[in-house]
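Protein chains in written order, with the working numbering: chain P, 8 to 300; chain V, 137 to 488.
Everything labelled a hint here was simulated from the structure, so no lab data went into it.
Hints may contain errors.
To be verified - Pulled from the structure, derived: some chain V residues nowhere near chain P, Cβ distances all over 12 Å:
no.	residue
1	261
2	347
3	470
4	479
Claimed, not checked - Under the rule of at most 20 Å between Cα atoms (straight-line distance), these lysine to any residue pairs were calculated in the SDA-like manner:
no.	chain 1	residue 1	chain 2	residue 2
5	V	259	P	289
6	V	472	P	194
7	P	37	P	188
8	P	194	P	174
9	V	472	P	188
Yeah, the Cβ is synthetic: ideal placement off N, Cα and C, and Gly gets one too.
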Amino acid sequence: MDRIIQLALSGIANGAIFALVALGFVLIYKSSDVINFAQGELLLIGAYLTYTMVELFGLWWPIGVVIAVVLAAAVGVVIEQLVLRPLIGEPAISVIMVTIGLSSLLRAMVGAIWGVTPRPAPQFLPTDTVTILGANVGVDRIWAFVLAIALFALLTLFFRFSREGIAMRAVADDQQAALSMGISVKKVWAVAWAIAAITAAVGGILLMSIFGGLSGTIGRVGLLVFPVVILGGLDSIPGAIIGGLIIGLLQSFAGGLLPPEWGLGEVAPFVVLLLILLVRPYGLFGQRIIERV
Amino acid sequence: MQSGTFHTTYASDVRLRPYWPQRIRIVIVLALALIFPWFADRYWLNLANTIAIAAIGAIGLNILVGYTGQISIGHGGFLAVGAYTAGLMAVNLGTPMWITIPVASFFTAVVGAFFGLPSLRLKGLYLAIATLASQEIIIWVLTHGKLLGIGESLSLPRASNNLFGLPMEWLGNNDFAFYWICLVALILTVIFVSNLFRTRTGRAFVAIRDQDIAAQVIGVDLFRYKLLAFATSSFFAGLAGALTAHYRGVISWERFTIDTSILYLAMIIIGGMGSVSGSIYGAAFMTLLPALLSNLARALSDVVPNINSYLPYMQQGAFGLAIILFLIFEPEGIVKMWRNVKDYFRLWPFSY
Numbered sequence: 008m009d010r011i012i013q014l015a016l017s018g019i020a021n022g023a024i025f026a027l028v029a030l031g032f033v034l035i036y037k038s039s040d041v042i043n044f045a046q047g048e049l050l051l052i053g054a055y056l057t058y059t060m061v062e063l064f065g066l067w068w069p070i071g072v073v074i075a076v077v078l079a080a081a082v083g084v085v086i087e088q089l090v091l092r093p094l095i096g097e098p099a100i101s102v103i104m105v106t107i108g109l110s111s112l113l114r115a116m117v118g119a120i121w122g123v124t125p126r127p128a129p130q131f132l133p134t135d136t137v138t139i140l141g142a143n144v145g146v147d148r149i150w151a152f153v154l155a156i157a158l159f160a161l162l163t164l165f166f167r168f169s170r171e172g173i174a175m176r177a178v179a180d181d182q183q184a185a186l187s188m189g190i191s192v193k194k195v196w197a198v199a200w201a202i203a204a205i206t207a208a209v210g211g212i213l214l215m216s217i218f219g220g221l222s223g224t225i226g227r228v229g230l231l232v233f234p235v236v237i238l239g240g241l242d243s244i245p246g247a248i249i250g251g252l253i254i255g256l257l258q259s260f261a262g263g264l265l266p267p268e269w270g271l272g273e274v275a276p277f278v279v280l281l282l283i284l285l286v287r288p289y290g291l292f293g294q295r296i297i298e299r300v
Numbered sequence: 137m138q139s140g141t142f143h144t145t146y147a148s149d150v151r152l153r154p155y156w157p158q159r160i161r162i163v164i165v166l167a168l169a170l171i172f173p174w175f176a177d178r179y180w181l182n183l184a185n186t187i188a189i190a191a192i193g194a195i196g197l198n199i200l201v202g203y204t205g206q207i208s209i210g211h212g213g214f215l216a217v218g219a220y221t222a223g224l225m226a227v228n229l230g231t232p233m234w235i236t237i238p239v240a241s242f243f244t245a246v247v248g249a250f251f252g253l254p255s256l257r258l259k260g261l262y263l264a265i266a267t268l269a270s271q272e273i274i275i276w277v278l279t280h281g282k283l284l285g286i287g288e289s290l291s292l293p294r295a296s297n298n299l300f301g302l303p304m305e306w307l308g309n310n311d312f313a314f315y316w317i318c319l320v321a322l323i324l325t326v327i328f329v330s331n332l333f334r335t336r337t338g339r340a341f342v343a344i345r346d347q348d349i350a351a352q353v354i355g356v357d358l359f360r361y362k363l364l365a366f367a368t369s370s371f372f373a374g375l376a377g378a379l380t381a382h383y384r385g386v387i388s389w390e391r392f393t394i395d396t397s398i399l400y401l402a403m404i405i406i407g408g409m410g411s412v413s414g415s416i417y418g419a420a421f422m423t424l425l426p427a428l429l430s431n432l433a434r435a436l437s438d439v440v441p442n443i444n445s446y447l448p449y450m451q452q453g454a455f456g457l458a459i460i461l462f463l464i465f466e467p468e469g470i471v472k473m474w475r476n477v478k479d480y481f482r483l484w485p486f487s488y
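Extracted from the complex, chain P is given alone in its bound form (with noise of 0.2 Å):
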């Protein structure tokens, strides 16, 4: 029972960091209809900028992470502006194709300018466990969860009323009638790619700390966004938080319970994945699309 509540609790927390990843992706994909296979690099990227700043140039680490989430949205924004802007109205394919071209530019760049071999990381989240209904938890993975949750917070009020935010919600909804209004749907874009960007660094931050080392196999996480917001619907918010934690306890429970041989928590995401849209075509939150010729 209490290997039951361990694996939920650290279950729950790699969700909520999922979550976190999978919100950016959302973002993404709800104001411009860009699917991307860059945020796994985008997490990449941000987790390497903080090594940078408190590893290597020896900041306190709030100064040195606030920096880095900082770089991270700008790159977001620079890769908006550089490579999807002239893509606009070319077909799907294209632009997955070129998000997939990215990735592979930038995890060249990291190996370039960091290399391969995997590095301690800055501890900043506190390593001790605490007991909670019997199983031990590392306070790690509470600070993680209770920071993504945060971040949410964070988000939903911003959306809810900042005036950049309740901008992005009109895109989001319709892109004629919010041009039509007045609102730049250029900025609503780079709002939305340096939001991506901020997530996922500090999701990669969160990744970096938990794993307590850094490698190319973080930005990993990338692909399991797919089961996250496939599985919630590709266009819902809500969709990303509850898919998030689904797809977290699920690999915490498949690679736990189940004989670790079979290697069950790397593919039982893209199982549940494949069996949940054969039931529902567009996730459990994402908006039908009623399509007429």
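With chain P fixed as given, assemble chain V onto it according to the hints.
Same frame as chain P, now just chain V:
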């Protein structure tokens, strides 16, 4: 000077190569392909074989993505199915190549049709991610398939490389002998696929790509033709995979990860979507680019120290950069660039 298209009979209208310069060009290309192996060393023969195998796989993917409009990120998985089917037959049953390759191709077609089942209900991006899931599932089966008697890597017995009982050594060394096999397979693939899109089935594929609902309205059975597109595409993936298995002699799952699926997608994007010749150009470009870079690195290794340790990143970065630049500046790929060059000379000096 050619001033327009003036067909006077149906037969000339449906011809694949209506003009005599096109036919001359085909003869020249074929002649070059026949002469090439006698002058090339094993390095170039190896590259040529890799290109030919990649071209078969890329043509297969183009049937699905370029002609039928179903985005698939699972092609690497289907290559793996072909390679492992051929490999397991050769290892466990000692079956010769000329049996394993067709069997593997047909088996992959069946597997492809199975993973194409979601395409009935899913469209566009959702389908793309469902194929990504099938890729991950296939690779998981290969890496954890001890229950099925599949090791993580396989070594094929040399003896299985024979044609109707004749050992391959009879033709010459491995690279030289396989050049002919790959060439024949590629030519057959090109002939089949070029003609496929003049048939009822091929037209149905194109109709589904252009507007699937409209296609359904005029009586195209969407489910049947989508599955058929997945099966046909996977058939050629299986052919390419089986050829790889027998040519390399050793297969392991690392060759068929999602990176491979992406590589094949990149080939058809860069070569030209919905074009058979484009698939070949793309396969050649994507195979030659890393080879060129590693030659460049070797040439520069005296001038720039430890350039070799940066080579993998250069190759990966160049791959990504090539995709991005092509999509921004020439989204229709090498085929369109080649057509622009031809048009320039055809219309010169009156280029308007």
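Tested hints:
no.	hint	result
1	261	violated (5 Å)
2	347	violated (6 Å)
3	470	holds (15 Å)
4	479	holds (23 Å)
5	V/259 / P/289	holds (9 Å)
6	V/472 / P/194	violated (33 Å)
7	P/37 / P/188	holds (18 Å)
8	P/194 / P/174	holds (10 Å)
9	V/472 / P/188	violated (39 Å)
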